[in-house]
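Dock chains B and C against chain A, hints included.
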Amino acid sequence: MIRLDNLTKVFDTQKGAVVAADHINMEVPEGEICILLGPSGCGKTTTLKMINRIVKPTAGKVFINGDDTTGLDTQTLRRNIGYVIQQIGLFPNMTIEENITIVPKLLGWDKAKYKARAREMMAMIALEPDAFLKRFPSELSGGQQQRIGVARALAADPPVMLMDEPFGAIDPINRAVIQDEFLKMQQELNKTIMFVSHDIDEAIKMGDRVAVFREGKLVQYSTPDDLLAAPKNAFVESFLGEDRALKRLNLVKVREIVTDEIATVVPSDTLETAMAKIDDYGYQNAILMVNERKQPVGIINRSVARTTKGYCRDHFQAVPAVVDLDDDLRKAASLMFAHDQTWLPCVNDEGTVCGQITQRAMTSHLGARYRARQGDDRKPSAAIKE
Amino acid sequence: MELFHFALDNAGLLLSRTIEHIALVGVAVGIAALTGVPIGIAITKNERVAQSVLYLASIIVTIPSIALFGIMIPVLSLIGHGIGYVPAVIAVLLYSQLPIIRNTYTAINNVNPALREAARGIGMSPNQRLRLVEIPLAVPVIMAGVRTAVVLNIGVMAIAAYIGAGGLGTFISRGISQSDPRQLIVGAIAVSLLAIIVDYSLLYLQKRLTPKGMSREAAAS
Amino acid sequence: MPIRSIKGALKVLVLVAIFFAGVWSQSSGIIDEFVWYLPDVKYLMVQHIWLTVMSGSLAILVAIPLGIVLSRPKMANVAESLMQVLNVGTTIPTLAVLALSMSFLGIGTVPAVFGLFVATLLPITRNTYTGLKGVNPALMEAAAGIGMSPMQRLFKVELPNALYVIFAGMRTALTINVGTVPLAFLIGAGGLGELIFTGIDLYDPVMMLSGAIPTALLAIVVDALIALVAFLLVPRGVNPSRA
Numbered sequence: 001m002i003r004l005d006n007l008t009k010v011f012d013t014q015k016g017a018v019v020a021a022d023h024i025n026m027e028v029p030e031g032e033i034c035i036l037l038g039p040s041g042c043g044k045t046t047t048l049k050m051i052n053r054i055v056k057p058t059a060g061k062v063f064i065n066g067d068d069t070t071g072l073d074t075q076t077l078r079r080n081i082g083y084v085i086q087q088i089g090l091f092p093n094m095t096i097e098e099n100i101t102i103v104p105k106l107l108g109w110d111k112a113k114y115k116a117r118a119r120e121m122m123a124m125i126a127l128e129p130d131a132f133l134k135r136f137p138s139e140l141s142g143g144q145q146q147r148i149g150v151a152r153a154l155a156a157d158p159p160v161m162l163m164d165e166p167f168g169a170i171d172p173i174n175r176a177v178i179q180d181e182f183l184k185m186q187q188e189l190n191k192t193i194m195f196v197s198h199d200i201d202e203a204i205k206m207g208d209r210v211a212v213f214r215e216g217k218l219v220q221y222s223t224p225d226d227l228l229a230a231p232k233n234a235f236v237e238s239f240l241g242e243d244r245a246l247k248r249l250n251l252v253k254v255r256e257i258v259t260d261e262i263a264t265v266v267p268s269d270t271l272e273t274a275m276a277k278i279d280d281y282g283y284q285n286a287i288l289m290v291n292e293r294k295q296p297v298g299i300i301n302r303s304v305a306r307t308t309k310g311y312c313r314d315h316f317q318a319v320p321a322v323v324d325l326d327d328d329l330r331k332a333a334s335l336m337f338a339h340d341q342t343w344l345p346c347v348n349d350e351g352t353v354c355g356q357i358t359q360r361a362m363t364s365h366l367g368a369r370y371r372a373r374q375g376d377d378r379k380p381s382a383a384i385k386e
Numbered sequence: 001m002e003l004f005h006f007a008l009d010n011a012g013l014l015l016s017r018t019i020e021h022i023a024l025v026g027v028a029v030g031i032a033a034l035t036g037v038p039i040g041i042a043i044t045k046n047e048r049v050a051q052s053v054l055y056l057a058s059i060i061v062t063i064p065s066i067a068l069f070g071i072m073i074p075v076l077s078l079i080g081h082g083i084g085y086v087p088a089v090i091a092v093l094l095y096s097q098l099p100i101i102r103n104t105y106t107a108i109n110n111v112n113p114a115l116r117e118a119a120r121g122i123g124m125s126p127n128q129r130l131r132l133v134e135i136p137l138a139v140p141v142i143m144a145g146v147r148t149a150v151v152l153n154i155g156v157m158a159i160a161a162y163i164g165a166g167g168l169g170t171f172i173s174r175g176i177s178q179s180d181p182r183q184l185i186v187g188a189i190a191v192s193l194l195a196i197i198v199d200y201s202l203l204y205l206q207k208r209l210t211p212k213g214m215s216r217e218a219a220a221s
Numbered sequence: 001m002p003i004r005s006i007k008g009a010l011k012v013l014v015l016v017a018i019f020f021a022g023v024w025s026q027s028s029g030i031i032d033e034f035v036w037y038l039p040d041v042k043y044l045m046v047q048h049i050w051l052t053v054m055s056g057s058l059a060i061l062v063a064i065p066l067g068i069v070l071s072r073p074k075m076a077n078v079a080e081s082l083m084q085v086l087n088v089g090t091t092i093p094t095l096a097v098l099a100l101s102m103s104f105l106g107i108g109t110v111p112a113v114f115g116l117f118v119a120t121l122l123p124i125t126r127n128t129y130t131g132l133k134g135v136n137p138a139l140m141e142a143a144a145g146i147g148m149s150p151m152q153r154l155f156k157v158e159l160p161n162a163l164y165v166i167f168a169g170m171r172t173a174l175t176i177n178v179g180t181v182p183l184a185f186l187i188g189a190g191g192l193g194e195l196i197f198t199g200i201d202l203y204d205p206v207m208m209l210s211g212a213i214p215t216a217l218l219a220i221v222v223d224a225l226i227a228l229v230a231f232l233l234v235p236r237g238v239n240p241s242r243a
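Residue numbers (the UniProt record's numbering), protein chains in the order written: chain A, 1 to 386; chain B, 1 to 221; chain C, 1 to 243.
Keep in mind that the hints were calculated from the coordinates and are not lab data. Please note that a few of the clues may not be correct.
[Said to hold, decoys possible] The list that follows gives simulated cross-link-like pairs (lysine to aspartate or glutamate, EDC-like), each with its CA atoms no further than 20 Å apart:
1. C:Lys156 - A:Glu97
2. A:Lys277 - A:Glu256
3. A:Lys205 - A:Glu32
4. A:Lys247 - A:Asp201
5. A:Lys294 - A:Asp269
6. A:Lys232 - A:Asp199
7. A:Lys111 - A:Glu139
8. A:Lys294 - A:Glu261
9. A:Lys191 - A:Glu165
10. A:Lys105 - C:Glu141
11. A:Lys247 - A:Asp327
12. C:Lys156 - A:Asp130
13. C:Lys156 - A:Asp269
14. A:Lys56 - C:Glu141
15. C:Lys74 - A:Asp12
16. A:Lys115 - A:Asp130
17. C:Lys156 - C:Glu141
18. A:Lys105 - A:Asp157
Just chain A, same shape as in the assembly (with noise of 0.2 Å):
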């Protein structure tokens, strides 16, 4: 748990004092991340930095794991969190286990704990110990390269981690990569982290909580899927942008929207019968066919029903789209506009039917929070304490 309390930075520059970071408040629970997230110069890296003092703050205090750091050494403080850099800061002239191991050194472990360490923390990122371990920094690339820096932050097994634009400097095809590799890892490991970003994707796709910073003021503190559903003001309206709604598919699971409710046919039902039940649910175009084992086989055309005489498994077409539960939202958008359907069945994990998604089901659910705001201006938000 990381808690900041008023944390305050004043930088004396020539043109006055200048307040990177108002009176911050703010807490991330344990085994959750945080991302600070804004335009450049809001205040978000000062507030990071402040945490392992590499800023030394004007005022406010900083507590892990509800103790006051205050006090603390500032060696002793960095050296239990975790910290990892845009510039990554390999040492270029030590091995690739000697930057891995350098933490757990400092703290004094003994040789054969802090080299199975190494071995370990290069499973986790999943590189050959063997092939990389006595290498040095300069032979990697960008991508492994900060993968490696991730392992020396984790290496003395800190219960907070701070990331100054971690993924930043690396390609968008390898850092979405390193990114599901991360939250996997954090999903083992559950600690609790501070993450600085630029990037508004990258913070809904990374952060449990999300902190919008301005001009070294909190502005917004709240989940990914609160922070696109309600942004507070103008400001972070406009910074999360225009498509914010559509930023949102990524966060909604298709299983939170399915309906049970879905007619089916089977093979052997007449034409006739499939029709009925078109009409008897008011379908508009077409009804699922499923096997005996309720897996989906194919669809019925309406008018392939209603004009011709025969049995279903005579005059099916193949099912143009299923999505899985676990699927969000985006898929099934995407996989609804390339087969210009208006719903699509959802299987579970065996493969059986257990319900249908629809546009319209998809487009209220994201409506509703809107609809809510604006009938409510004055809601309160509830993770924001001033």
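Coordinates of chains B and C only, in the frame set by chain A:
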């Protein structure tokens, strides 16, 4: 005070020795530039040749000047120029090669590849590229090499007084042999000031020769 | 032009030159003369090396700590102006340095060692300073961020990363030193300069060469030796010659 009077009394001699010193170094480095710059450009065509040429030039610079004189005098005396300004000028010529060749070579090599491609793209011939793009961009760095060479060789020329080449070193050599601290100190100070002043003047010239648009870049490098 | 053969051509030329030099020296009895100077060469060479070791190690012992101290952030104000002075100092010809040293300290080994010390000190200090200042700030932030003390940062991060530049400074400085030691003879400190300068005065080519050739070789050996030490000592990850 005594020094000051001595310097004033010998102002004429001091001046003529200074001019002699500058002239010898200037002529020798001038000739060195005429050979060093073309060599520096030529070796950009072949990496391996470049490495051998630079290696050879760096070995030459490693040889102490007095040792070089000691080796050259017996050889040059075969043609009757064992002592005097000839070995001194040859030494300066040799020592100047490394800074001038190396700076020319790196400057041409470091010309931004994008510029070179742009020059090719607008249809310049290799010669035009060299003349209109690469050399103008390399001039400040080449000048820096010339400057290094001049400052280095003002010191070499001072030692050359011992082989009868003249220049400000004469004051020092006489000062030592005649145990005359006035000559010694005036000579030492004069040659030091000469080196410092020439260094700064050439730095000024180097800045003036930098194409206006890239003066910031050059300052950064 | 078949460029590839330049090295080959050079080798042939050198061999031919050596051959003729051999023939000539044999016929003129010059080798016997050289042999006659051998004990002198040995004695003076030891003296020469001693002067270099003495002044060089003193200079290293002073210059590196000085460079380190000047590169500390607290010294930033003083350091830049002091480096300006040092830069001017390096343009002063070594003969002038020795002459000035003599005019204040008189004749003998002490003024010679002092003059050599000053001439060697400046390039090493300068390179130590610029090498340390040139260490990537991201490394320094990472080092601070993971909780290294200032001393640990200096010894584990800054110095190893600046070492190549520091060695380059030592190489330049000690090569200059070895080349300046002959001049120290002029102010009464001995060394191989004795043979060279006396050879010039007496116009004795063999004497000149007996001093000049060992001096040249010594300079080349010292240069190569320091390059070798740098090659071995500078960590592989930050050593351009081992990349």
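Now the hints, each set against the structure:
no., hint, in the structure
1, C:Lys156 - A:Glu97, "14 Å, holds"
2, A:Lys277 - A:Glu256, "26 Å, violated"
3, A:Lys205 - A:Glu32, "13 Å, holds"
4, A:Lys247 - A:Asp201, "8 Å, holds"
5, A:Lys294 - A:Asp269, "14 Å, holds"
6, A:Lys232 - A:Asp199, "19 Å, holds"
7, A:Lys111 - A:Glu139, "25 Å, violated"
8, A:Lys294 - A:Glu261, "14 Å, holds"
9, A:Lys191 - A:Glu165, "17 Å, holds"
10, A:Lys105 - C:Glu141, "18 Å, holds"
11, A:Lys247 - A:Asp327, "15 Å, holds"
12, C:Lys156 - A:Asp130, "24 Å, violated"
13, C:Lys156 - A:Asp269, "78 Å, violated"
14, A:Lys56 - C:Glu141, "14 Å, holds"
15, C:Lys74 - A:Asp12, "18 Å, holds"
16, A:Lys115 - A:Asp130, "12 Å, holds"
17, C:Lys156 - C:Glu141, "14 Å, holds"
18, A:Lys105 - A:Asp157, "13 Å, holds"
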